[in-house]
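Using the hints provided, position chain B relative to the given structure of chain A.
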Amino acid sequence: MSTQAAPNDSQTHAWQDDIFDVLKKGGIKQVSYVPDAGHAHVIRRVHADPDMRGIVLTTEEEGVAIAAGAWLGGDRHALLMQSSGVGNCINMMSLLDSCRFPFLTLVTMRGEYAEFNPWQGPMSRATKGVMEAMGITVYRVSKADEVEDVVSAALDSVFEAGDRVAILLSQSLIGRKKWVRD
Amino acid sequence: MSNIPAFSGTIERRAFVKELLSLCPDALVVPGLGSSNYDIYAAGDRDLNFYMWGAMGGAALIGLGLALAQPNKSVLVITGDGEQLMGMGGLATINAQQPKNLTIVVLDNGHFGETGMQHSHSSLGTDLTAVAKGCGISNSFKVREASEAKTIAQNVVARAGVSFAQVYVKADDVPRAFPSRDGVHIKNRFRKALGLAQM
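These protein sequence lines are chains A and B, in that order. Okay, so the first sequence: first residue is 160 according to my numbering, each after it adds one. Okay, so the second sequence: first residue is 135 according to my numbering, each after it adds one.
Just so you know, the hints here were simulated from the structure itself, not pulled from any lab data. Only a predicted model underlies this, so the values are computations on that prediction, with no experimental measurement involved. Heads up, the beta-carbon is just placed ideally off N, CA and C, and yes, glycines get one too.
Which bits of chain A does chain B cover? Going by a derived footprint, with three or more residues having C-beta under 8 Å, they are:
(1) 223-236
(2) 254-268
Dumping the calculated EDC-like pairs for lysine to aspartate or glutamate here, alpha-carbon to alpha-carbon at most 20 Å:
(3) A/K302 / A/E271
(4) B/K326 / A/E319
(5) B/K207 / A/D234
Under 7 Å between C-beta atoms, here's a sample of chain B residues computed to sit facing chain A:
(6) A189
(7) G192
(8) I196
(9) G199
(10) L200
(11) Q204
(12) T227
(13) A230
(14) F324
For reference, chain A alone in the conformation it holds in the complex (with noise of 0.2 Å):
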């Protein structure tokens, strides 16, 4: 993670920034990932924040009973993770259906733009199937200025409506992954 880093730190965080402030905005007191270059902004900012708590998992189907059990207790939750841990989640999303929790995470995607990793590519090519096979309805965003837009919809389908939306942030979006140091 640290060689992505270092290119995204002399960038701004703009679209990251506005992620984090659908998610402030919208109330969310809990953010479980398991870490991704393309999420490292928000998770700082989210650890930074007193009103909110991140957690960190060791594997990405955590997220998803602990969205479920904040629900029981009144907290609104996100996951953040990468395309490869959505494979990871599978069965426990079924507790989602079965108990219709709302349920929202924003999926960092690898596999698909400048890849330098064949074995990204694999779950990267399942990631919106497996999702929906899973009753998840899943959104894309390929351009910064749209991001905040598709966020905040989500947001309120998830927590307003009841809905389990997960959002494709594109790899194109993220940008390169710097693989060798200069």
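The following block gives chain B in isolation, referenced to the frame of chain A:
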């Protein structure tokens, strides 16, 4: 499999769970799927039980999300060894959050009771209390006597930090007791009992 270590719990699980729940009647209770779910229902149906029929490996983590959302209430997860073994990493995740109001009880019979009593890792050498301690949950202990339900209940009521109890129960076949399988109903009545909208 001659090298299977001796594993012999003597605690009657159903009586133990009933006693434990009677000592902390206000706790928010999250069962793991399978026998623990039946034990909790058999002790008496209540709105603040979130019965589980799936999501194996998730019980303690549902407990975590709930404990963080309701810091002024005690959250009690009661699950089995098989269910907790599937979510062992979750103990590390829970420890990283240090919720003061979360207690995890593993009713350990060393077997997968729901599927034909196959040996679980717990009776094949894995020490779940050591796993919990290794994840950083220092208040982790073994329970071999039914009278120690009181010790667990004191932890539940005190809300003084995460605790983990591995309870050695008999590996016998207890009659099943089925709570509702309607997840939406179970969720909504739980939230209603906390004064939350039914959604």
